[in-house]
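A.B. asks: Protein chains in written order, with the working numbering: chain A, 11 to 165; chain B, 11 to 165.
Bear in mind the hints are in silico, worked out from the structure with no lab data behind them. One thing to keep in mind: the hints can contain errors.
All copies of an identical chain are treated as equivalent in the list; a pair is satisfied when it fits inside any one copy or across any two copies.
As the list claims (entries may be wrong) - Each computed DSBU-like pair below joins lysine-lysine, with the alpha-carbon atoms no more than 30 Å apart: (1) Lys12 / Lys116; (2) Lys82 / Lys164; (3) Lys164 / Lys12; (4) Lys148 / Lys12; (5) Lys101 / Lys37; (6) Lys12 / Lys134; (7) Lys12 / Lys142.
Protein chains: 2
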Amino acid sequence: MKLNPWYVTGLTEGEGCFTISFNYRAKLNVKIETRPSFSISLCKDDLELTKKIYEYFRCGGIRYSRRDRTYKYETRSIKDIMKKIIPHFEKYPLKGRKKEDYRRFKWICEQIYRNYHLNRERLKEIIKEAYKMNPGGKRRYKEEELLRVLGEVKE
Amino acid sequence: MKLNPWYVTGLTEGEGCFTISFNYRAKLNVKIETRPSFSISLCKDDLELTKKIYEYFRCGGIRYSRRDRTYKYETRSIKDIMKKIIPHFEKYPLKGRKKEDYRRFKWICEQIYRNYHLNRERLKEIIKEAYKMNPGGKRRYKEEELLRVLGEVKE
């Protein structure tokens, strides 16, 4: 039986994560790659529920994180995020603090979808917004470092 | 605006907790007090959402846990649990691993509601079921200790 859409939003409020990560990519003109991810992490006993989330969204995949001992449902494709994930949360909106992360995530995904993340100036704005998300989370690079690298890029 | 019932169930799947705790009470014939609790813990930025949960269930209360830096919605009254909490989860059931904790919680609350927890033999069964719940959680007393004390009680 398919999950109720509001149940999926409630579960996301607690266990979901909207993130934008950055990596250095020498081949790119802007040298920095922008990667969106929507995920829901559940404990290792909840594989069946994780599968139901996958069936609900009909995109992304499931992987096991040995470090956290969790199953993670995750979608990284910008097309799937724009066509399946964001429409869900527009129709069945989050109610708590996570709403703010979602709002920034949505804005950034819209920029990526239009390829604005390949433009140096626009990417700066994306990075600034991304670093306001998930304040407690870990980051591979500091915001200042990314902005400094971007400042050295020749266009 | 009132929360959607399925949203409340989804949020509970991630952040909710069904527990039965035990304490020594010399005044009781069985010497052990049985206390049920249903709670949902949210981070300190989610006070507004915690209030909405309170408005949804129309029972229990909100308290701040300085240790965990969370707001906790909690209901401990057996009457409220039987009349408001359990009917919600019967109509909008949990989908994951937490369903098992709920099933045991419901059975124990039914026993308490009938005052069966004041009977030594029945209380033994309640303790055994309670200690199968939330396997990762902390317990003040060991199951063996409670059962041993109960074995010494004269009826």
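A.B. asks: Each hint needs a verdict: does it hold in this structure or not?
C.D. replies: Structure-based check of all given hints:
no.	hint	verdict
1	Lys12 / Lys116	both (25 Å within a copy, 25 Å between copies)
2	Lys82 / Lys164	neither (38 Å within a copy, 52 Å between copies)
3	Lys164 / Lys12	neither (50 Å within a copy, 53 Å between copies)
4	Lys148 / Lys12	neither (33 Å within a copy, 34 Å between copies)
5	Lys101 / Lys37	neither (38 Å within a copy, 55 Å between copies)
6	Lys12 / Lys134	neither (40 Å within a copy, 39 Å between copies)
7	Lys12 / Lys142	between (34 Å within a copy, 29 Å between copies)
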